[in-house]
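Below are the chains, spelled out letter by letter.
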Amino acid sequence: MSSPVSSPARTPGTPVIGVLALQGDVREHLVALAEADALARPVRRPEELAEIDGLVIPGGESTTMSKLAGVFGMLEPLRERIRAGLPVYGTCAGMIMLADKILDGREDQQTFGGVDMIVRRNAFGRQNESFEASVEVSGVEGGPVEGVFIRAPWVESVGGEVEVLARHDGHTVAVRQGNVLATSFHPELTGDHRVHALFVEMVRGA
Amino acid sequence: MSSALPTTPSQDQAPATGTARVKRGMAEQLKGGVIMDVVTPEQAKIAEDAGAVAVMALERVPADIRKDGGVARMSDPDMIEGIINAVSIPVMAKSRIGHFVEAQVLQSLGVDYIDESEVLTPADEVNHSDKWAFTTPFVCGATNLGEALRRIAEGAAMIRSKGEAGTGNVVEAVRHLRQIKNEIAKLRGFDNHELYAAAKELRAPYELVKEVAELGKLPVVLFSAGGVATPADAALMRQLGAEGVFVGSGIFKSGDPAKRAAAIVKATTFYDDPKVIADASRDLGEAMVGINCDTLPEAERYANRGW
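Residue numbers (this note's numbering), protein chains in the order written: chain A, 1 to 206; chain B, 1001 to 1307.
Bear in mind the hints are in silico, worked out from the structure with no lab data behind them.
Quantities reported herein were computed from a predicted structural model and do not represent experimental measurements.
Backbone N, C-alpha and C define an ideal beta-carbon position, used for all residues, glycine too.
Take the hints with a grain of salt, since some may be wrong.
Said to hold, decoys possible - One side of the interface only, derived from the structure: several residues of chain B facing chain A at Cβ under 7 Å: (1) 1015; (2) 1029; (3) 1051; (4) 1053; (5) 1088; (6) 1269.
As the list claims (entries may be wrong) - Calculated lysine-lysine pairs in the DSBU-like style (CA-CA distance at most 30 Å, straight line): (7) 1200(B) <-> 1181(B); (8) 1045(B) <-> 101(A); (9) 1259(B) <-> 1067(B); (10) 1259(B) <-> 1275(B); (11) 1067(B) <-> 1045(B); (12) 101(A) <-> 1275(B).
Please work from the sequences and hints to get the whole structure.
In structure tokens, the structure reads:
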């Protein structure tokens, strides 16, 4: 963690974690990260990537994020940082953006990649099928988390390096590969910040 | 750590659909985005390609509803399904105010959000639909805080300014958004005694008024709608506090819809960066012509519909 940022609020060991703010529920992630003892800030430009120790890709519309990431030159710089080991956590659309391959995407829809998995967009259905359910997440202590699934994707298949952290109804809904974490659901909407705390720990250890 | 919304069912219960958290959470995912009116599957594809976070499927854009006159109703189910099948992003559709059967039909078609909209001719001059009765979430228009809170009390999971749809004139959207923000700011300064009187004055439930006073914002997502025609209009609404924008007639009534749609998406994300907005505003071709709202007869002001 050799970030050049000098924020007065920053004490040694407090990681700076960006939230990709092209579109989506950025605010909820900023709040959750702050509650999990990180310095959180929105990130929209390639040069802002140099200032962060970790990044959250929020929920939102993945086709919009993909489009804006391309237009504003975020795709390659972020891919490079992820390859170099930047810890990243994606929820819902963020999970889609972290998949090496996607199904049911828009034609030519680009992702950042980082997890050797195939993710199916809107796999759990449209909004009328969106749901809440308890989810046991491996590595998160203290009982299941409240899983909020909104037009949620699931993981269709994973490569050998990928650890499956949670399943719902037989489908993989949380994974980790190295420094990259992804969930189909939205812990940022629940007020329970244990998954964010897990990610902050990953950033500290990176 | 607890949330203000209903808690998740325990493990032995079946997954819960249609909860307040799932409905409001859906709108949270649209933040920072642009929702575009479309009347054909081809337009829906153009909107999706331009980076829209959702489309509003309707038969006629508000500018044409104004021009044609007559009773404006829910769109043909075939037309809505055609749009649902054409794109992978969320699809919204409009029901008339108080026409809960149109809303039932839209829910059965599988739309992702229902807009109980003043742009269509109201079906009930007293009552709005009971939106708690639906699995599909609702967005409703408001001109002030009291109206917004009454809609939320009825179950709306997202609020938008009404603006004056189909005019290409952003003045009413600015008025409504400023009004809502100012009334919220005022509540922040009230003590507990004053909040009861404020609730009475706003004609809104005390619990919601108190929640807004504590949060400093609505308990649901607030978008802007009605009259946005340019990238700078969209950025203006965001700088005034809208969390995203609806664009109705402004895109497909303009000279180069694909280009204008992409430009409004860019300006909505970089709403606080005049350089990006300037670049997005270049060479867009003709904007929609527009109507001066002060020349509109009272009966043709959609913002007066609903209460």
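Notebook entry, point to check: Going through the earlier hints one by one, which of them does the structure break, listed in rising order?
Noted result: 12
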